[in-house]
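To convert, note that position 65 of the sequence shown is 65 in my numbering; the numbers rise steadily by one, no gaps.
Rather than coming from a laboratory, the hints here were simulated on the basis of the structure.
Please note that a few of the clues may not be correct.
Capping the alpha-carbon separation at 35 Å, the derived lysine-lysine pairs in DSBU-like fashion look like this [unchecked claim]:
1) 109 x 42
2) 66 x 110
3) 66 x 42
4) 42 x 77
5) 41 x 77
6) 70 x 42
Pairwise CB distance ranges (calculated) [unchecked claim]:
7) 96 x 8: 20 to 28 Å
8) 64 x 89: 38 to 46 Å
9) 12 x 92: 23 to 31 Å
10) 11 x 148: 34 to 42 Å
11) 12 x 57: 18 to 26 Å
12) 124 x 92: 13 to 21 Å
13) 12 x 146: 21 to 29 Å
No experiment lies behind these values; they were computed from the predicted model shown.
We put the CB at the ideal spot given by N, CA and C, even for glycine.
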Amino acid sequence: MNYDEKDGVESLARKLDAHISGGNPESFANGELNELGAEYKKQIGHARTSLLLLYRTICPYCEQLKPLLKDLANEYKSKVYFAMLDIDAIPSAREEFDVLGVPLVIAFKKGYPVGRVEGLRSFDEYDRWIESIHQGMNPMLIKDGPSTQFP
1 MNYDEKDGVE SLARKLDAHI SGGNPESFAN GELNELGAEY KKQIGHARTS
51 LLLLYRTICP YCEQLKPLLK DLANEYKSKV YFAMLDIDAI PSAREEFDVL
101 GVPLVIAFKK GYPVGRVEGL RSFDEYDRWI ESIHQGMNPM LIKDGPSTQF
151 P
């Protein structure tokens, strides 16, 4: 795909996105990394595009990732809902999402998981991944990064 074709596809994706959302910004996409509790499924399902960080407070990679996701949440304000869930506080999430290590970021479209990245990656890698998901394209594959594994 040459540059003009890619630009045309991205323009079409933006128009389709505006049409689907009625031109209204996502009310849940508040530009923050929101801490979730037991009602996480309901909250994730409200937004058209959501990202959920599954983490543990004892994970050093998780603590490094939080500021990156906060910056990305601000960048994608009114487009993507960003949330985080402590799997030690909500242990059922570990089994539900088949968590083998943290940090784990799962992307959702209308409440359905469409992609996941395990481990710490760069800001640019997450940015490209999120943009592809938000535009409705197949999420690109990102190799796993450093993570805290479970025994």
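Range first: 20 to 28 Å. Now tell me if the beta carbons of residue 96 and residue 8 are that far apart. Hint violated: Cβ distance 39 Å, outside 20 to 28 Å.
If you check the beta carbons of residue 64 and residue 89, does the distance land in 38 to 46 Å? violated (20 Å)
For residue 109 and residue 42, compute the direct alpha-carbon distance and say whether it is at most 35 Å. holds (13 Å)
Sort out whether residue 42 lies within 35 Å of residue 66, counting only the CA atoms. holds (22 Å)
That 34 to 42 Å hint for residue 11 and residue 148 (C-beta), does it hold up? At roughly 41 Å between Cβ atoms, residue 148 and residue 11 fall inside 34 to 42 Å, so the hint holds.
Cβ distance range 13 to 21 Å for residue 124 and residue 92, holds or violated: violated (33 Å)
Take a look at whether the Cβ-Cβ distance between residue 12 and residue 57 falls inside 18 to 26 Å. Given about 43 Å between the Cβ atoms, the range is violated.
21 to 29 Å was suggested as the range; check whether the CB atoms of residue 12 and residue 146 agree with it. violated (37 Å)
Given the hinted pair residue 66 and residue 110, is their Cα-Cα distance within 35 Å? holds (23 Å)
Within a Cα-Cα threshold of 35 Å, do residue 42 and residue 77 meet the stated pairing? With a Cα-Cα distance of about 20 Å, the restraint between residue 42 and residue 77 holds, given a limit of 35 Å.
Status of the given 23 to 31 Å range, CB of residue 92 versus CB of residue 12: Given about 40 Å between the Cβ atoms, the range is violated.
Can the restraint linking residue 41 and residue 77 be considered satisfied, given a maximum Cα separation of 35 Å? With Cα atoms ~21 Å apart, residue 41 and residue 77 stay inside 35 Å; holds.
Taken one by one, the earlier hints fail for this structure at numbers 7, 8, 9, 11, 12, 13, listed in ascending order.
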